[in-house]
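In order, the protein sequences belong to chains A and B. Under the numbering used here, think of the first position of the first sequence as -13, with each following residue one higher. Under the numbering used here, think of the first position of the second sequence as -13, with each following residue one higher.
No lab work stands behind these hints: they were computed from the structure. Check each hint, because a few of them may be wrong.
It does not matter which identical chain is used: a pair holds within one copy or between any two.
Stated by the list, open to error - Cut-off 20 Å, straight-line C-alpha distance, at most; resulting in silico cross-link-like pairs (DMTMM-like, lysine to aspartate or glutamate):
#, residue 1, residue 2
1, LYS225, GLU270
2, LYS14, GLU270
3, LYS31, GLU270
4, LYS206, GLU110
Since this is a predicted model, take the numbers as computed values, not measurements.
There are 2 protein chains.
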Amino acid sequence: MSIKQQWITYIHSLQDNICAALEAEDGKATFVEDVWVRPEGGGGKTRVIANGNVFEKGGVNTSAVEGVVTDAMRNQLKLPAELIGKELSWFACGLSLVLHPINPFVPTVHCNYRMFELYNQEGEVIDRWFGGGTDLTPYYLIDEDAIHFHKTYKDVCDQFDTTFYPTFKKLCDDYFVNYHRNNERRGIGGIFYDYQRASETKNVDFWINFGQACGNAFNKAYIPIVAKRKDIPYTSAHKHWQEIRRGRYTEFNLVHDRGTLFGLRTNGRIESILMSLPPTVRFEYNYQPVAGSEEDKLLQACLHPRDFV
Amino acid sequence: MSIKQQWITYIHSLQDNICAALEAEDGKATFVEDVWVRPEGGGGKTRVIANGNVFEKGGVNTSAVEGVVTDAMRNQLKLPAELIGKELSWFACGLSLVLHPINPFVPTVHCNYRMFELYNQEGEVIDRWFGGGTDLTPYYLIDEDAIHFHKTYKDVCDQFDTTFYPTFKKLCDDYFVNYHRNNERRGIGGIFYDYQRASETKNVDFWINFGQACGNAFNKAYIPIVAKRKDIPYTSAHKHWQEIRRGRYTEFNLVHDRGTLFGLRTNGRIESILMSLPPTVRFEYNYQPVAGSEEDKLLQACLHPRDFV
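Just chain A, with the same shape it has in the complex (with noise of 0.2 Å):
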């Protein structure tokens, strides 16, 4: 099987069991598949679920998609200068997934992992890289669901490359910044990579196990915070702070995430893109929450991250 079919095919089986636990964990809601056709190349298969007994709304999606590289492309790919001008395809597949919880005592969830090839015009590989990471968003910080959720990625990561781990979860804490929030984090992080490519030491099959390793490991990190915190009661105020933060995760997600606004600017799938938008979300003229309060206590680990293994 070629590298190609071999990591579309575990995008497909991840996508399989993450929404199987899922569905299993929510008790009530199914996800709905939408499968759709990029007109200039590959498709998608998302898969949203909502008003669940759990999760408000969500969607686990899959794409395989490729095409020619467009001079916008070029571009946001920085290619070498070599390839200026060549004719080039490329084809990429992730699986692509956000959960926003009813219950504010339940984090948002995010991950994503995903491979990219470029081809030049004899169609063989000339470039092929690895991205990938999770991150948590929770609405009140519990330090044993935070520390649960960085040692699991840890353990992953220590597995390939004891570097990996401090040096992913710091390009978690760097990317997911809402910048014109002074330097505000969308929530505590987790890990994040990209541009990981073969090497002499690490080579394509590293990359592979260790973005499977991941993936597999979604189900461990999130689900058993998922199954001690759905129950708890909460009232109409942590519910208000959870859409005042859900604000925060929108304002990121459209003003400077990478994925999203490439998405826009090229044609992508409005709706499977825009699934990871809060189902409610309130915006509050200058909210500032009680100093040393619950609300507070996460504002500060958003506004300076830290250590939790």
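Following the hints, complete the assembly by docking chain B onto the known chain A.
Chain B in isolation, oriented as in the chain A frame:
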């Protein structure tokens, strides 16, 4: 009085007049003022209203800010070649308002009137231009209101130049566009103009008078619509649709609006800039109104701008 001082004085009196009219129409909430100072020069008066009888959230802001021209501004302003490398300074003063009513039958409204001056090292004015506009975002299309709103601004425009209304109406339709949503407009438009400079036939006084006439027309254009519609009974289904459309408003402001993005990138006062975002918002996957419904009628008016006068 200098032109600069004349414009500042007008903008502040406009802020007072509009706030007074809106408070009278609301009958409950009053504006709260935050005066702020910009470290790099100048400042503003942000006035916000919330949880009134009529207005769920809104702001009527003025600012008068100044500074040295930075490289980022040179790009944005597209300065002529002979000014490259010169030490220049700038001044900008304007009023910007957004009102989000509670009742889905009362439209959201936005307006902005501003003047910009550019100075050489000796402090002499080397360029000056005017911009502005007012646009309406209804949730249900009531032809009578749309006609009243557009006719008010057409009447103002016609007093100055009969080519203005058709030109500025089209500029407005072409500006408030969610390009990522099949060119769906944010609302049903109004007028929009920018980079208007004194010429042989239209001197500075002409443009000041035109901006003032447009600004002064706001109360006449908007308040009668509020008065007529604020007590129409509405259901949770109407409110739901309003919140879906507020999602599109959020998308436009965060993804496309030049003023918002410029403010976010140049260390503007975040809370004053994002005052424009709606109080409660919904994002649902692939939401489509029923064909032929009142909701669909509004959507079609946003997809296919038409003439109301």
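Practice problem: Can you give me the call for LYS31 and GLU270, within, between, both or neither, at a CA distance of at most 20 Å? | Solution: Close across copies (18 Å), not inside one copy (36 Å); limit 20 Å.
Quiz prompt | LYS14 and GLU270: within-copy, between-copy, both or neither at 20 Å Cα | solution = Between copies only: 19 Å across, 33 Å inside.
Practice problem: Could you figure out if LYS225 and GLU270 sit no more than 20 Å apart (CA to CA) within one copy, between two copies, both or neither? | Solution: both (14 Å within a copy, 18 Å between copies)
Quiz item: How do LYS206 and GLU110 come out at 20 Å by Cα distance, when the copy is not named: within, between, both, or neither?
Solution: neither (38 Å within a copy, 66 Å between copies)
Checked against the numbered hints given earlier, the structure breaks only hint 4 and satisfies all the rest.
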